[in-house]
Amino acid sequence: MSEAKATKGAAADGADGGSTAGSTAGTPDGTPGSARPRRRQARGEARIAQLLRAAASVFCTSGYTASSTNAIAREAGVSPGTLYQFFPNKEAIAVELGDQLLNRWRDTYGAAFTQSHIELPLDRMLDAILDPLIAFNCENPAFSVLMHGSEIPGRITEEHDTLHATMLTRVESVLAGYLPDVPADQVRRIADMTFMLFKAGLDLIMAHEGEERAAYIQELKTIMFRYLDPLVGDDAPHRAAHRAPQTPHTPHTPHTPHMP
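Numbering that gives the first Met the number 0 applies: residue 0 is where the sequence shown begins, and numbers increase by one.
A few of these clues could be false.
FRET-style restraints, in silico, Cβ to Cβ [stated by the list, open to error]:
id: 1; residue 1: E208; residue 2: A110; range: 24 to 34 Å
id: 2; residue 1: P182; residue 2: T60; range: 40 to 50 Å
id: 3; residue 1: N88; residue 2: Q217; range: 38 to 48 Å
id: 4; residue 1: E157; residue 2: K198; range: 47 to 57 Å
No lab work stands behind these hints: they were computed from the structure.
No residue lacks a Cβ here, since even glycine has one placed at the ideal position from N, Cα and C.
Input sequences plus hints: build the corresponding full structure.
Here's what the structure looks like:
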């Protein structure tokens with residue numbers, strides 16, 4: 000159990016005063032008093048969520064290194080003493096927040112990288128995979144801060160590196176479905192390049208907002224489509240089934256992928 004989670008458990012039980020051991024005193028069946036620890040735990044969990052939201056905001060504004068527990072407490076609207084009931088230091092906060100974001104990221108890319116997507120035309124496949132990945136990062140900017148900072152706790156970066164390798168394997172798997180006759184080492188190179196294009200494009204997307212962000216999302220999809228489309232070729236079974244006949248000598252106009 001992480002230091003943050005161990006502290007969290009103790010704080011959730013005792014932060015509101017009293018111990019769980021005496022909460023059922025005077026109740027023969029224990030029923031009335033048994034609700035009190037649950038209420039204390041619910042309040043403790045709510046406070047932890049409040050502190051983590053504040054930490055995410057402070058990390059995004061100031062960066063991890065320049066952030067402090069005092070700034071996080073101030074953002075949360077609580078005293079530093081209240082914060083220390085739940086987390087002993089900034090690192091423990093970062094580890095807990097990083098754990099939550101990594102778990103949600105696993106769920107997001109797990110749903111995005113499904114083998115069924117190889118049945119889609121290339122442009123639709125890009126929509127199906129890129130939209131949720133981009134949306135997650137835009138909705139959780141602290142994820143990028145915690146995954147890529149130079150002084151982030153080692154546990155977070157180690158778990159991120161593991162996820163990076165897993166995602167790259169998923170990209171290879173999807174591309175292998177589009178490139179069944181291409182040697183595995185070439186598919187791996189194409190997957191590496193595709194993944195790097197995504198990461199570079201995501202940095203630009205995250206640096207903008209509103210219409211500019213939407214424009215960069217479109218640019219990323221266009222670049223990835225134009226890189227992959229010639230590699231996939233017109234004779235792939237799923238392409239032949241979905242592509243409408245075209246007039247000879249009329250260049251193919253790629254579908255404009257949907258915005259998230």
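Handout entry: Violations among the numbered hints
Key = Of the numbered hints given earlier, the structure breaks just one, which is hint 4.
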